[in-house]
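The chain contents come next:
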Amino acid sequence: MVLKISEFLRPEAIIMQMKSREKIAALKELVDNMVAHEAVENGEEFQKALAKRENLESTGIGDGIAIPHARTDAVKDLILAFARSAEGVDFSAIDGKPSHLIFLIASPINKKSEYIMALAKLSRLLRKQEVRQLLKKASNPEEVLNIIKKNEE
Amino acid sequence: MKIKKVILVLTDINDQDITQAAVQLCKRFKSKLFVLFVVETGRISRLARLTQKKSDTLRKKIEDEGWQLLYLIEDDADKAGIWTSLHLEDGIATTIVKKYIDAYGVDAVLIKRKNEATRLFVSSTVPVIGL
Chain A
1 MVLKISEFLR
11 PEAIIMQMKS
21 REKIAALKEL
31 VDNMVAHEAV
41 ENGEEFQKAL
51 AKRENLESTG
61 IGDGIAIPHA
71 RTDAVKDLIL
81 AFARSAEGVD
91 FSAIDGKPSH
101 LIFLIASPIN
111 KKSEYIMALA
121 KLSRLLRKQE
131 VRQLLKKASN
141 PEEVLNIIKK
151 NEE
Chain B
1001 MKIKKVILVL
1011 TDINDQDITQ
1021 AAVQLCKRFK
1031 SKLFVLFVVE
1041 TGRISRLARL
1051 TQKKSDTLRK
1061 KIEDEGWQLL
1071 YLIEDDADKA
1081 GIWTSLHLED
1091 GIATTIVKKY
1101 IDAYGVDAVL
1111 IKRKNEATRL
1121 FVSSTVPVIG
1131 L
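Sequence order for the protein chains is A and B.
So for the first sequence, my numbering puts the first residue at 1; every next one is plus one.
So for the second sequence, my numbering puts the first residue at 1001; every next one is plus one.
Simulated from the structure, these hints should not be mistaken for lab results.
A quick note: this is a predicted structure, and the numbers were derived from the prediction, not measured.
All C-beta atoms, glycine included, are put in the ideal place defined by N, C-alpha and C.
Any given hint could turn out to be false.
[To be verified] To give an idea of the chain A side of the interface with chain B (calculated C-beta under 10 angstroms), a few residues:
| no. | residue |
| --- | --- |
| 1 | A13 |
| 2 | L122 |
| 3 | S123 |
[As the list claims (entries may be wrong)] The list that follows gives simulated cross-link-like pairs (lysine to aspartate or glutamate, EDC-like), each with its CA atoms no further than 20 angstroms apart:
| no. | chain 1 | residue 1 | chain 2 | residue 2 |
| --- | --- | --- | --- | --- |
| 4 | A | K128 | B | E1040 |
| 5 | B | K1061 | A | E114 |
| 6 | A | K112 | B | D1064 |
| 7 | B | K1060 | A | E130 |
| 8 | B | K1032 | A | E114 |
| 9 | A | K128 | B | D1102 |
| 10 | B | K1079 | A | E57 |
| 11 | B | K1005 | A | D95 |
| 12 | A | K111 | B | D1078 |
| 13 | B | K1005 | A | E57 |
| 14 | A | K4 | B | E1063 |
| 15 | B | K1060 | A | E54 |
| 16 | A | K4 | B | E1040 |
| 17 | A | K112 | B | D1075 |
| 18 | B | K1079 | A | E114 |
| 19 | B | K1005 | A | E54 |
| 20 | A | K52 | B | D1076 |
| 21 | A | K149 | B | D1102 |
| 22 | A | K128 | B | E1089 |
| 23 | B | K1027 | A | E54 |
| 24 | A | K48 | B | D1078 |
| 25 | B | K1061 | A | E152 |
| 26 | A | K128 | B | E1063 |
| 27 | A | K48 | B | D1075 |
| 28 | B | K1060 | A | E114 |
| 29 | B | K1030 | A | E54 |
| 30 | A | K112 | B | D1078 |
| 31 | B | K1032 | A | E54 |
| 32 | A | K4 | B | E1065 |
| 33 | B | K1079 | A | E130 |
| 34 | B | K1098 | A | D95 |
| 35 | A | K111 | B | E1065 |
| 36 | B | K1004 | A | E57 |
| 37 | B | K1030 | A | E152 |
| 38 | B | K1004 | B | D1102 |
| 39 | B | K1060 | A | D32 |
| 40 | A | K52 | B | D1078 |
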């Protein structure tokens, strides 16, 4: 099965300038945006699932990236969201640096393999420095999507 | 006995069979779990020669499998209430593990019993547990 991250990320789930500076507020901003665009049915439950994960692990993976994620039935299908923060958000990354590129992934509980594959693909994609640089410079959601499409394998 | 921070070292998708034991050990000792998958550069060259496949293709496959394994472990550890931190690095496992021991103050190394474990047993400054 070939999973394409770009197929699960919609332009309306992309926030080019995140306002929040703190982790829980940043998650709320992402979730609220997804609720507003009807990608998530139960925003409160979804946010609780994400916060629970954040307490157990550092989803800030270093190099200015955070990938908060959760499996929860608050979502109906595998979904992705993206936010960019100029100031950075403290996601307790192991390198101590704030996260500027924040990708959120969620899937229903019964879609574990898709969820794991999406996390793996995204992590591999974001290890590429040139992709991180392009995402930092992108000027609109369509450009973000094109960068992902061009660089995912 | 206290083991605050443990590093589980993986170099191969076949190392999956030791992950449950690692999670159980962390649960028992209430340890934080660092999970490190090393994409071994030497192994990729050897595999490329043996299989006649391109190194780059093999690297992508191993890296993808590595990330999948890391997130599978995280999912298990999460259910057990264990704090985790995932890492994927390119290079030589023994060298990278030593770097992690120094950087994060790891108390013990968990590794599958094979050649890398033997090398770590003799050179590590913290206990190495072969699973």
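Verification of the hints:
1. A13: Hint violated; A13(A) Cβ to chain B Cβ min 21 angstroms, cut 10 angstroms.
2. L122: holds, 9 angstroms
3. S123: At about 5 angstroms, which falls below the 10 angstroms cut-off, the nearest Cβ of chain B leaves the hint on S123(A) intact, so it holds.
4. K128(A) to E1040(B): holds, 18 angstroms
5. K1061(B) to E114(A): Distance of about 17 angstroms is within 20 angstroms: holds.
6. K112(A) to D1064(B): holds, 16 angstroms
7. K1060(B) to E130(A): Holds, at about 17 angstroms.
8. K1032(B) to E114(A): Measuring from Cα to Cα gives roughly 27 angstroms; hence the hint is violated.
9. K128(A) to D1102(B): violated, 26 angstroms
10. K1079(B) to E57(A): holds, 12 angstroms
11. K1005(B) to D95(A): holds, 17 angstroms
12. K111(A) to D1078(B): Between K111(A) and D1078(B) the Cα gap is close to 17 angstroms, so the pair holds against 20 angstroms.
13. K1005(B) to E57(A): Satisfied, since the Cα-Cα distance of roughly 13 angstroms is no more than 20 angstroms.
14. K4(A) to E1063(B): holds, 16 angstroms
15. K1060(B) to E54(A): Given that 20 angstroms is the threshold and the Cα spacing comes to 28 angstroms, the pair is violated.
16. K4(A) to E1040(B): violated, 26 angstroms
17. K112(A) to D1075(B): holds, 9 angstroms
18. K1079(B) to E114(A): holds, 19 angstroms
19. K1005(B) to E54(A): Holds: K1005(B) and E54(A) sit about 18 angstroms apart, inside 20 angstroms.
20. K52(A) to D1076(B): With a Cα-Cα distance of about 14 angstroms, the restraint between K52(A) and D1076(B) holds, given a limit of 20 angstroms.
21. K149(A) to D1102(B): Measuring from Cα to Cα gives roughly 38 angstroms; hence the hint is violated.
22. K128(A) to E1089(B): holds, 13 angstroms
23. K1027(B) to E54(A): At roughly 18 angstroms apart (the allowed maximum being 20 angstroms), E54(A) and K1027(B) satisfy the hint.
24. K48(A) to D1078(B): holds, 15 angstroms
25. K1061(B) to E152(A): Roughly 13 angstroms separates the two Cα atoms, so the pair holds.
26. K128(A) to E1063(B): Roughly 12 angstroms separates the two Cα atoms, so the pair holds.
27. K48(A) to D1075(B): holds, 17 angstroms
28. K1060(B) to E114(A): holds, 18 angstroms
29. K1030(B) to E54(A): Between K1030(B) and E54(A) the Cα gap is close to 18 angstroms, so the pair holds against 20 angstroms.
30. K112(A) to D1078(B): The hint holds at about 14 angstroms.
31. K1032(B) to E54(A): Holds, at roughly 14 angstroms.
32. K4(A) to E1065(B): Roughly 16 angstroms separates the two Cα atoms, so the pair holds.
33. K1079(B) to E130(A): violated, 35 angstroms
34. K1098(B) to D95(A): With Cα atoms ~17 angstroms apart, K1098(B) and D95(A) stay inside 20 angstroms; holds.
35. K111(A) to E1065(B): holds, 18 angstroms
36. K1004(B) to E57(A): holds, 15 angstroms
37. K1030(B) to E152(A): Judged against 20 angstroms, a Cα distance of about 38 angstroms means the pair is violated.
38. K1004(B) to D1102(B): holds, 14 angstroms
39. K1060(B) to D32(A): violated, 35 angstroms
40. K52(A) to D1078(B): holds, 9 angstroms
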